[in-house]
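Peer 1: One-letter residues, chain by chain:
There are 2 protein chains.
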Amino acid sequence: MSQDDPGRWDMEADIVVVGTGAAGSSAALFSHEDGARVIMLEKGRRYGGTTEKSGGILHMPNNSFMRDAGIKDERDDAIRYYARLAYPTLYNPNDSRFGLSEHQYSLIAAYYDNASATVDGLQKMGALDPTPWVEWDGKQFFPDYFAHLPENKAPRGRGLLAKDPTTGQAAGGVELIRQLKAAVDKREIPVLLRHRASRLVTNAQGEVIGIEATTDDEQTVAIRVRKGVIFGSGGFTQNPELRLTFLRGPVYGGCAVPTNQGDLIYMATGLGAQLENMSNAWWAQAVLESVLVNPSPPTDIFAVPGDSMIQVNRYGRRVLDEKFVYNERTQVHFQWDPVKAEYTNLFMIMIYDGRTADIWGSLPGSLSTYPIPSKDAPESYVISGETLEGLTSAIEARLAAITDRTGGFALDTAFAANLTETVARFNQFAEQGADLDFHRGETPIELAFHGPAAPGNDKPNRTMYPLSATGPYYGIILSGGTLDTKGGPKINDQAQILNTKDRPIPGLYGAGNCIGSPAGQAYWAGGGTIGPALTFGRIAAENATKEAPKDDE
Amino acid sequence: MSQDDPGRWDMEADIVVVGTGAAGSSAALFSHEDGARVIMLEKGRRYGGTTEKSGGILHMPNNSFMRDAGIKDERDDAIRYYARLAYPTLYNPNDSRFGLSEHQYSLIAAYYDNASATVDGLQKMGALDPTPWVEWDGKQFFPDYFAHLPENKAPRGRGLLAKDPTTGQAAGGVELIRQLKAAVDKREIPVLLRHRASRLVTNAQGEVIGIEATTDDEQTVAIRVRKGVIFGSGGFTQNPELRLTFLRGPVYGGCAVPTNQGDLIYMATGLGAQLENMSNAWWAQAVLESVLVNPSPPTDIFAVPGDSMIQVNRYGRRVLDEKFVYNERTQVHFQWDPVKAEYTNLFMIMIYDGRTADIWGSLPGSLSTYPIPSKDAPESYVISGETLEGLTSAIEARLAAITDRTGGFALDTAFAANLTETVARFNQFAEQGADLDFHRGETPIELAFHGPAAPGNDKPNRTMYPLSATGPYYGIILSGGTLDTKGGPKINDQAQILNTKDRPIPGLYGAGNCIGSPAGQAYWAGGGTIGPALTFGRIAAENATKEAPKDDE
Chain R
1 MSQDDPGRWD MEADIVVVGT GAAGSSAALF SHEDGARVIM LEKGRRYGGT
51 TEKSGGILHM PNNSFMRDAG IKDERDDAIR YYARLAYPTL YNPNDSRFGL
101 SEHQYSLIAA YYDNASATVD GLQKMGALDP TPWVEWDGKQ FFPDYFAHLP
151 ENKAPRGRGL LAKDPTTGQA AGGVELIRQL KAAVDKREIP VLLRHRASRL
201 VTNAQGEVIG IEATTDDEQT VAIRVRKGVI FGSGGFTQNP ELRLTFLRGP
251 VYGGCAVPTN QGDLIYMATG LGAQLENMSN AWWAQAVLES VLVNPSPPTD
301 IFAVPGDSMI QVNRYGRRVL DEKFVYNERT QVHFQWDPVK AEYTNLFMIM
351 IYDGRTADIW GSLPGSLSTY PIPSKDAPES YVISGETLEG LTSAIEARLA
401 AITDRTGGFA LDTAFAANLT ETVARFNQFA EQGADLDFHR GETPIELAFH
451 GPAAPGNDKP NRTMYPLSAT GPYYGIILSG GTLDTKGGPK INDQAQILNT
501 KDRPIPGLYG AGNCIGSPAG QAYWAGGGTI GPALTFGRIA AENATKEAPK
551 DDE
Chain W
554 MSQDDPGRWD MEADIVVVGT GAAGSSAALF SHEDGARVIM LEKGRRYGGT
604 TEKSGGILHM PNNSFMRDAG IKDERDDAIR YYARLAYPTL YNPNDSRFGL
654 SEHQYSLIAA YYDNASATVD GLQKMGALDP TPWVEWDGKQ FFPDYFAHLP
704 ENKAPRGRGL LAKDPTTGQA AGGVELIRQL KAAVDKREIP VLLRHRASRL
754 VTNAQGEVIG IEATTDDEQT VAIRVRKGVI FGSGGFTQNP ELRLTFLRGP
804 VYGGCAVPTN QGDLIYMATG LGAQLENMSN AWWAQAVLES VLVNPSPPTD
854 IFAVPGDSMI QVNRYGRRVL DEKFVYNERT QVHFQWDPVK AEYTNLFMIM
904 IYDGRTADIW GSLPGSLSTY PIPSKDAPES YVISGETLEG LTSAIEARLA
954 AITDRTGGFA LDTAFAANLT ETVARFNQFA EQGADLDFHR GETPIELAFH
1004 GPAAPGNDKP NRTMYPLSAT GPYYGIILSG GTLDTKGGPK INDQAQILNT
1054 KDRPIPGLYG AGNCIGSPAG QAYWAGGGTI GPALTFGRIA AENATKEAPK
1104 DDE
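Top line first, the protein sequences correspond to chains R and W. Under the numbering used here, think of the first position of the first sequence as 1, with each following residue one higher. Under the numbering used here, think of the first position of the second sequence as 554, with each following residue one higher.
So that you can see chain R by itself, here it is in the shape it has in the complex (with noise of 0.2 Å):
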């Protein structure tokens, strides 16, 4: 028994790669590299995904830099580090595999062992040029997001970046992508943009033996594969029925490119594919008035810009440090309270100063200025008042007008007293530099997001500075968001995605944000998510390419 045969086909491949961002490109050029010939989809209008978008970083375990820097980043090491933070819950120093299963365990281990030979490769076949990512002062390799745990033994130095042929600079997604993009061109990859995969084609032993794309004209182009498809297609952020079903907690939207709606997880649960970590994403913080007009607004909240600057609740209250690490601070954004029953921080008020407002918005436009607009280019979003009362009563005029789309979010009667009692509070410790609530810029990546002290800072820890005792002053409505999700169907150490029973489904294979993350809750560092996407991309070529042509029948 087969599913329809589609009675011709338009084109034919050896393999099939969907999306185009870092695991679809990674995936195209290994499997061209290994002799194949490759078809791009792509759904979106242009090449490059949702990596595009992003800060283009590649966290890359014992890479060729940290070797030359004499690094030692060693296996076990490594592992431990990243067990200890994808499955905190089964995490167990003592044991060979650190508590995990043994498929768990195997794809942290692939990922380590095939991480180097990754970039090396794209390196070698000229579709990367790869440089350290380094501190602010152009010398510390970047810190990973948990550089203070005693299980990292090799905490800077696995961020990489694109260097950007002009410039000779480290630079963002645009530049891996345009490097990505540059290979797949030159090796007449053809790549068809607007081409939505939208249903997989099975022979009578299940093999997948072929594709059907959906054009936006709802064309369907039919393509005989004869070794495999490779997903590397996305989550599922833009899909807000996905979202609720799936998710730990209320999100608004994000940073994925929004073609990214899930469309592999119900393709391949119908061949029989076994999901994985559903619940978790790669969370951020989001602009909630942007996100409530655009669900893909062109960035996230990643490093909070400001000193003079907290985040408080809906009772004017701080609940997190908000200096830390985007994908951990947003998890604040789902604690439920019992009694009440609602959502106490399902938004966060980020207040700041005009002293913050004129540093952060004269510095050069950058990840680390958003949200807070440059002075030339004033944002709606942006809500002030000349005294705490007065920016209290604008922001509830503010979530007035959006009550209808936020659950019926307020602020408490008591946030303007509370808000005067936080920011005392605040601007005691930022006097004394030490965050007695929240500890406050005590870790390495604090620093390293935060920067320099701005100018005038001359407290000593230098992510806090008193807020001004006069106006005016700012406040952002922050909502929960993703960068993308990270489940999908489960795949093995083969990057193979596997059926119920745990064998792989023939010809099916998948890598990046569309598929169960080997990061299980983790967000290791900068590039968690492209370093795998492009490392189990170039896995699931390797074995894809490997595989005997299939039989029509």
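To be clear, the hints were calculated from the coordinates, so they are not data collected in a lab. This list has only true hints and no planted wrong ones.
Taking lysine-lysine and the BS3-like style, the derived pairs with C-alpha atoms no more than 30 Å apart in a straight line are:
hint	chain 1	residue 1	chain 2	residue 2
1	W	K1012	R	K340
2	R	K153	W	K893
3	W	K1054	W	K1103
4	R	K72	W	K893
5	R	K139	W	K893
6	R	K153	R	K139
7	W	K692	R	K340
8	W	K1054	W	K1099
9	R	K124	R	K139
10	W	K677	W	K716
11	R	K153	R	K163
12	W	K706	R	K340
Chain R is fixed; fit chain W onto it per the hints.
Peer 2: Below, chain W alone, put in the same frame as chain R:
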């Protein structure tokens, strides 16, 4: 095209019902009432599923007992209350559907519209003798779990129980299942125990025309189904991989029967079913040392017993209202500390003194004393110490013994010092009758769960009494757990399982914990599980029995 034809059929029925709990029993009885030939499949060794282990409460809006008592439970008001809690981030009181999607609204409306008729129908066919659920004083109807919310216009009276014919008293799940099973037996509906539904069989049109069941000795029984298969087969609590893949927080088991392993999820998605509500569950706390041995313990911790009793986290701090509803309380276990990269409250320690041990250990055994053991039957999971310091050491030792299975969970070094402070502060609250931190004992449900003041408790808030200045003290390690999960294939208001285009999969129905619950993230009241299960069991039966017989091919 069709799935493999099994070649022969061993049996034939109009309707096959999978599962023998509330949902399955209701589906079978109403199908039989409508003239269908029914076969029931039960994976376990006995009839009744998790319903038999439950409190046996039916939450049934606008039931006849309420109407007889003059309680108005208006449709719009009830749906508003349900919507407010099921989808708190979507809720909009100004919208005709309260902010819900047409689909979400339709399920809640179908529940309201069919609940009372379901009770009446079961009563009429002699399958249920219902009686109101009342408080310990035998007078007041038991309150809903959010009786204190302004959206709840009929906060008491929706809960019913089966009446024990011998005693004339309201009884629990054992009696509910006894009555339902007696009605099934009287009708000679075949019940195949130890038959696990293992494969759905479809014809060329994709209609479900059969089901295969596998016995303990791996024999396959193929049943031809002329009208439909109705699943009432429970959730996936007893499948650790699915818990990790889907649930929003770490849990270690729960009172769901051992057979609840999520079998429907992949059977249905293999036919193209859409999933819904996968990250939610009916949450409850569990005794960690019990669920590590047996992940399906006899009961969960519902109302936490004791007045001179608190729960603290690994820092020795209270973080919740110990007397609030189990579903909400449990979610405190899911809080993630971003910087430390730990689930701060992964395990909570329930601490009480000799007085509470004596009083609650001498009550007749019932849900409201667990996990405090009877004086006559000590439990090894109770840790004791003559002083708080001694208790702390004993807890540390106990945790050290199981560290390989707990992600290395241990008490913080400040635990004992903090605990002394915490007890002093709680004792002050108990004297004053006001818990300034978590407002313990301030809602109707807490007072109902707690019952009358314990002998000698003359304090103004009967849920609190100062912990004794002298030992012995006791501790029990608690984990998160579930009654069962509540995500699965999406159904419509006809209880038909839907594919990814929101079209019904012909001949496939579901009700109860195996499908995406109409309750979303909410636990509206006691019986919020069984009420919808019975109701959608009936809805499924009414629609499945109306289907035209389906062709083999």
